[in-house]
Amino acid sequence: MPTREQVRALVEQGLDYETIGTRLGVPAGQAYLIGTGMPADGGETYTEEERKRPGVLPTAQHLLGIRAENPTTKRSVLDWIKARTAADPQMQEAARRRTAEPPEIDDSSGDHDVLVVLTRDHNQVKYLQEQLAALPGRTSGGDRAHQEQRRSIVDMITLRLSQHEAVEEEYFWPAVRKALPGGDRWADDALEQEQEGKDTLAALGRLDPGTDEFDGTVEKLVLLLRKHVAYEERLFLVLEDAMSDEQRRELGEKILAAKNLAPTRPDDPTAQDVDDPDRGGLGWV
Numbered sequence: 002m003p004t005r006e007q008v009r010a011l012v013e014q015g016l017d018y019e020t021i022g023t024r025l026g027v028p029a030g031q032a033y034l035i036g037t038g039m040p041a042d043g044g045e046t047y048t049e050e051e052r053k054r055p056g057v058l059p060t061a062q063h064l065l066g067i068r069a070e071n072p073t074t075k076r077s078v079l080d081w082i083k084a085r086t087a088a089d090p091q092m093q094e095a096a097r098r099r100t101a102e103p104p105e106i107d108d109s110s111g112d113h114d115v116l117v118v119l120t121r122d123h124n125q126v127k128y129l130q131e132q133l134a135a136l137p138g139r140t141s142g143g144d145r146a147h148q149e150q151r152r153s154i155v156d157m158i159t160l161r162l163s164q165h166e167a168v169e170e171e172y173f174w175p176a177v178r179k180a181l182p183g184g185d186r187w188a189d190d191a192l193e194q195e196q197e198g199k200d201t202l203a204a205l206g207r208l209d210p211g212t213d214e215f216d217g218t219v220e221k222l223v224l225l226l227r228k229h230v231a232y233e234e235r236l237f238l239v240l241e242d243a244m245s246d247e248q249r250r251e252l253g254e255k256i257l258a259a260k261n262l263a264p265t266r267p268d269d270p271t272a273q274d275v276d277d278p279d280r281g282g283l284g285w286v
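Mind the numbering: the sequence shown is residues 2 to 286 in our numbering, read in order.
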């Protein structure tokens, strides 16, 4: 049986629990239980003290490996959903009036700790993910209005992630490499995840939202975002001890200032670099 020390040592190297479980010969959920002392299905009921334990994830239910059956793959179910949606004028009107734009970030506290700044960005993307999941796509019986709304939300996610990842690449990941003994591994794995996200967003930009392929690619994007946000938030716990309050504040202020000049699309050639206008931008390219 692996020990807690073995699991935590691998967590500190930047490995996820799926990889840790494979290396140690146990299921990912069991590796999480050994490393944190808590079951993988308790993410919503952790106390504040439990959340501060090394290796704890904001949510760990994905480690259980439970696969849910999706009844909407059946044509009869799709036809029934479409008929119900079309026959409900209140639902149609609510959908037309709905806005997915997340609330403005509240900076009234003046807390510019980089971990706070980046977590606020994560919260906006999580909000958009929830809005995206609430709207039916073509495969779930959604009409053209729903499909276009889903496209709009994908565009909002693209905008925020393009800005977020650009300033991370310029400031955050170099700081991680410098601050942590295993910083290169943390940064390299994160950048690999981000590249997969960029490729998926680029694919969505070429697809009609009224296709099964668009819906399938959206599902892939949501899974990638959840994995990446969980990865970064696990890193934040490590950085809280590795960097001083002053270092985190200075880094957060640099990122806040840079976001105003960051690109708004993964392939935006017009955005200027936050430090050098002649370099042509920091976008997802």
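Hint data in this document are derived by calculation from the structure and do not stem from the laboratory. One thing to keep in mind: the hints can contain errors.
To be verified - Pairs of lysine-lysine residues, derived as DSBU-like cross-links and limited to a Cα-Cα distance of at most 35 Å, are as follows:
(1) 228 to 260
(2) 255 to 228
(3) 127 to 255
(4) 199 to 179
(5) 260 to 199
(6) 199 to 255
(7) 127 to 228
(8) 179 to 221
(9) 53 to 127
(10) 255 to 179
(11) 199 to 221
Comparing the hints with the structure gives:
Restraint check: the Cα-Cα separation between residue 228 and residue 260 comes to about 23 Å, which is no more than 35 Å; the hinted pair holds. As the CA atoms of residue 255 and residue 228 are separated by approximately 26 Å, the hinted pair is consistent with the 35 Å bound. Distance hint between residue 127 and residue 255 is fulfilled; the C-alpha atoms sit about 23 Å from each other, no more than 35 Å. For a cut-off of 35 Å, the pair hint linking residue 199 to residue 179 stands: about 25 Å separates their Cα positions.
A threshold of 35 Å between alpha carbons decides the hint, and for residue 260 with residue 199 the separation of about 18 Å falls inside it, so the pair holds. The straight-line distance between the Cα atoms of residue 199 and residue 255 is roughly 23 Å, inside the 35 Å bound, and the hint therefore holds. The hinted pair formed by residue 127 and residue 228 meets the criterion: a straight-line CA distance of about 12 Å does not exceed 35 Å. A C-alpha spacing of about 32 Å is found between residue 179 and residue 221, which places the hinted pair at or below 35 Å, so the restraint holds.
Of the pairs offered as hints, the one joining residue 53 and residue 127 holds, with about 21 Å between alpha carbons and a cut-off of 35 Å not exceeded. For the given pair, residue 255 sits about 16 Å from residue 179 by alpha-carbon distance, which is consistent with the 35 Å threshold. The hinted pair formed by residue 199 and residue 221 meets the criterion: a straight-line CA distance of about 12 Å does not exceed 35 Å.
This entry satisfies every hint, going by the numbered hints stated previously.
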